[in-house]
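Undergrad: Going down the list, the sequences are from chains B and L.
Residue 1175 in this note's numbering sits at position 432 of the first sequence; the count goes up by one each step and never skips.
Residue 1161 in this note's numbering sits at position 418 of the second sequence; the count goes up by one each step and never skips.
Hints listed in this document are in silico derivations from the structure and should not be mistaken for laboratory results.
One or more of the hints may lead you astray.
To be verified - The calculated lysine-lysine pairs, modelled on PhoX-like cross-linking and capped at a C-alpha distance of 20 angstroms, are:
#1 L/K1073 / L/K1121
#2 L/K775 / B/K886
#3 L/K1108 / L/K1121
#4 L/K1041 / B/K802
#5 B/K751 / B/K963
#6 B/K844 / L/K775
#7 L/K1061 / B/K797
#8 L/K826 / B/K1057
#9 L/K775 / B/K775
#10 B/K841 / L/K1041
#11 L/K1037 / L/K1121
#12 L/K1107 / L/K1041
#13 B/K1153 / B/K963
#14 B/K1182 / B/K963
#15 B/K802 / L/K886
#16 L/K886 / B/K841
To be verified - Rough simulated footprint, nothing fancy, chain B against chain L, three-plus residues with beta-carbon under 8 angstroms:
#17 818–831
#18 870–883
#19 959–967
Said to hold, decoys possible - Part of the chain L face toward chain B, derived, beta carbon under 8 angstroms:
#20 G772
#21 F780
#22 F812
#23 P814
#24 G838
#25 G839
#26 E896
#27 Q900
#28 I1062
#29 E1064
#30 D1066
#31 V1070
#32 G1071
Note that this is a predicted model, so its numbers are computed, not measured.
Using N, Cα and C, we set each Cβ at its ideal position, and we do this for glycine too.
2 protein chains.
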Amino acid sequence: MKKFIPKKSVNLSAWYNQIVLAADLADYGSAKGTMIFKPYGYAIWELIQEHMNKLIKAKGVENAYFPLFIPESLLNREKKHFKGFSPELAVVTIGGGKELKERLIVRPTSETIIYQAYSKWVQSYRDLPILINQWCNVVRWEKRTYPFLRTSEFLWQEGHTAYATHAEARAMTKWAMAMYTKTYEEYFAIPGYVGKKSRAETFPGADTSLTYEALMPSGKALQSCTSHDLGQNFSQPFNISFLDQQGKTQFAWQTSWGLSTRSIGGLILVHGDDQGLRLPPELAPVQVIILPIKLDSKILEFCRDLFSVLDQEKIRVKIDERDDERVGYKINKWELKGVPLRLEVGEQELKTKTVTLVSRDTGKKAVVGLNNLAGQIKTVLDQIQKNLFAQAVNYLKNNTYEINDYSLFKKQMNGDKGFLKAFWCGNPKCETMIKAETKATTRCLPPAAKKEKGKCIYCQKAAEYQWYFAQAY
Amino acid sequence: MKKFIPKKSVNLSAWYNQIVLAADLADYGSAKGTMIFKPYGYAIWELIQEHMNKLIKAKGVENAYFPLFIPESLLNREKKHFKGFSPELAVVTIGGGKELKERLIVRPTSETIIYQAYSKWVQSYRDLPILINQWCNVVRWEKRTYPFLRTSEFLWQEGHTAYATHAEARAMTKWAMAMYTKTYEEYFAIPGYVGKKSRAETFPGADTSLTYEALMPSGKALQSCTSHDLGQNFSQPFNISFLDQQGKTQFAWQTSWGLSTRSIGGLILVHGDDQGLRLPPELAPVQVIILPIKLDSKILEFCRDLFSVLDQEKIRVKIDERDDERVGYKINKWELKGVPLRLEVGEQELKTKTVTLVSRDTGKKAVVGLNNLAGQIKTVLDQIQKNLFAQAVNYLKNNTYEINDYSLFKKQMNGDKGFLKAFWCGNPKCETMIKAETKATTRCLPPAAKKEKGKCIYCQKAAEYQWYFAQAY
């Protein structure tokens, strides 16, 4: 099975494409640019949803569902927004056997269809805030499928909130980014740089966009989610207005924020190794695989007892009882699928009432007794989760460079890439030229960035802030 | 609030349309035929998903996700299937700014797109069975929106399984219908008649369709979900074939089964009354509303203590602390929203350390002490769940008639309607004529129906089985 898969360090993109198929995460769809989320891949998304729904609902944000189709005139009401999404739209022109009078756009994002409803729902300050999230599919046209990372249709959540004051909206964009940071650090075990987008990289229709930028093993950045302060850019054209406590008409202040199945692409890239996936336990559909070394009835009985003990403690566990695969093949298979912990049970274990634990992250073996087995295993899973995060943090640190010389900047972007921290004067022309010459774009400006006296990496004019630059997926 | 809503018994359809809006379940979308699931309505769907996912996963069926877009040629590969869905398709003709070479159909159901993948995944009997379910949106063109009951886009689950033998597939269609029956009886508190569809009413592409037919207060039947034995009708054109244990090539046997957000329409219709919704506790987003009779700090403190006690016991509970609505208004509001149990707390309750429980189903009040309050409330919620089901069972029984005279049949269909049990010879012509003359269609033939010697209600020729007839939504 594994011999066909190239090494991660040798050909990352071939490794990625093959791992996605071989680990049963996904397959290609019939239409161009589409993909199928196979059960193992979809189960990761279900775990992400479960974790995030808890955080989102605890904040008082409620889930809802808005229509898939947006009348073209509605999408066109905020001009920058429409312009930004125009090149990637899928358009329904026929419905019920008839040519439609107005074309319907398959949602690329739902600001317009949702805010049309908000304008009906909001009359008084008493109707605010509105705190809504939706989990759904969206479509942005792509010709080539890069599973999870770039597909015409993807799954995501999009939060859409409206407030009486700008301060509340701003606080929400920060809350959303903090929620995403927790999600990435604690569940995905993926660190990243949080910060503000430059004007050119801001979401079409937003005043400010916050982003979480993670580093992939290619040295490229993955924009892993975003949180937008929409100001009154939508509330004005959509007339989301309300009477305030003084009886004056005001426009609402809005936010939107999203995280998509693209994140699963990041998960695969960051943690995988030459043996296949390495899933952090928090997002592993199977956390523990029990592997009987012989399919002997006593060993199987022992395995099933272990299964019950772990299953009762809500550890996601499976036994591999297949009789048509050899043990070596099974070991490879579960390593390929990235299961964090393998539990081997043979005659030795049966005799001594022990089990052999093999950690996927390090390959280390440990023989442990059965006393408080679930507790022991939870501790090991926790260590694996932390170790994967620590490895990714190291990689991020080791591949972030402060650079103040443009020739070094170019050299780095021609070589190992990574995040380059460099002064930028804020002039969009410099940003454009840097992109043209190095493929690197501004990724973000961290909120804690201090004003300094520097020189723009490109034009050498005065520059106050150091931005993160990287090539992006 | 309520004075604008017509009585359920006087104008059912106006009552329905207004209740849906007034209870904050849904709103109309911008495009024709579409609806918005507002948070309160969507929360019901989330509860349905939670209950059903447990049952589905316990059976070993895994969730996955397949593409929204189906290339037209793929949908056209099973001819009856294509013909059946043709009139209600939404068609994407433009993608990424260009006219598409092949039109893409927005999935009306996913047999074809899923089975195209199965044909790749299945080679050997070892690859079977395939047990997959997906939760998604589907589109079947509608000009007029009837919220939940009839909308262009709706949400559903669709199970798709493939086996080496017909017996396994048949067993699965029965399992799915048993799972739906449990869901309807125990969670929706809606009884129904389970049975086989006539040829004319069978799903396009299926050999046999099983259905769950519930009775609405209009006297009309609601087809509440279906489970199809697809035979080899799809595996042949899609070439889902495998080598069996003897090395012979065989085609797979398949099933599909679905339940949609239409079910929420049934929930509203069956249990609602002139005061609004009456939600069965298992599907109530809020099971208990705590209503402070005065917004006095000691009463509020007491309410918050009660909240903690119930919340800890996983009862879905809220306190209504709004200061801009009077108590009478709040009572109406929560009755309208169908919350099963209201917990009133005033000075009397504070003094005597009691709470007053008001059941939504009967309006009965009871004053109870705080000892084991969560346990007491769970008992009451359980009673409400059972009572709503018992009421619906009675209604179904009282509106099911055995009829062997066609003039009586016609009279009943012109009057109160309901389910009519009558002999039918099986000739599609009789079925067509009955529909033309009475609007009633065959709903189903129960699996336990016995062979009898009867005469067809229409043509008077020999007939062996009594079918359920009704007008349908």
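Undergrad: For every hint, state whether the structure bears it out.
TA: Here's how the hints hold up against the structure:
no.: 1; hint: L/K1073 / L/K1121; result: violated (23 angstroms)
no.: 2; hint: L/K775 / B/K886; result: violated (30 angstroms)
no.: 3; hint: L/K1108 / L/K1121; result: holds (16 angstroms)
no.: 4; hint: L/K1041 / B/K802; result: violated (26 angstroms)
no.: 5; hint: B/K751 / B/K963; result: holds (15 angstroms)
no.: 6; hint: B/K844 / L/K775; result: holds (11 angstroms)
no.: 7; hint: L/K1061 / B/K797; result: holds (17 angstroms)
no.: 8; hint: L/K826 / B/K1057; result: violated (47 angstroms)
no.: 9; hint: L/K775 / B/K775; result: violated (29 angstroms)
no.: 10; hint: B/K841 / L/K1041; result: violated (64 angstroms)
no.: 11; hint: L/K1037 / L/K1121; result: violated (26 angstroms)
no.: 12; hint: L/K1107 / L/K1041; result: violated (26 angstroms)
no.: 13; hint: B/K1153 / B/K963; result: holds (14 angstroms)
no.: 14; hint: B/K1182 / B/K963; result: holds (10 angstroms)
no.: 15; hint: B/K802 / L/K886; result: violated (38 angstroms)
no.: 16; hint: L/K886 / B/K841; result: holds (11 angstroms)
no.: 17; hint: 818–831; result: holds (count 3)
no.: 18; hint: 870–883; result: holds (count 4)
no.: 19; hint: 959–967; result: violated (count 0)
no.: 20; hint: G772; result: holds (4 angstroms)
no.: 21; hint: F780; result: holds (4 angstroms)
no.: 22; hint: F812; result: holds (5 angstroms)
no.: 23; hint: P814; result: holds (5 angstroms)
no.: 24; hint: G838; result: holds (5 angstroms)
no.: 25; hint: G839; result: holds (3 angstroms)
no.: 26; hint: E896; result: holds (5 angstroms)
no.: 27; hint: Q900; result: violated (13 angstroms)
no.: 28; hint: I1062; result: violated (14 angstroms)
no.: 29; hint: E1064; result: violated (14 angstroms)
no.: 30; hint: D1066; result: violated (10 angstroms)
no.: 31; hint: V1070; result: violated (18 angstroms)
no.: 32; hint: G1071; result: violated (19 angstroms)
Hints 1, 2, 4, 8, 9, 10, 11, 12, 15, 19, 27, 28, 29, 30, 31, 32, counting from the list given before, are not met by this structure.
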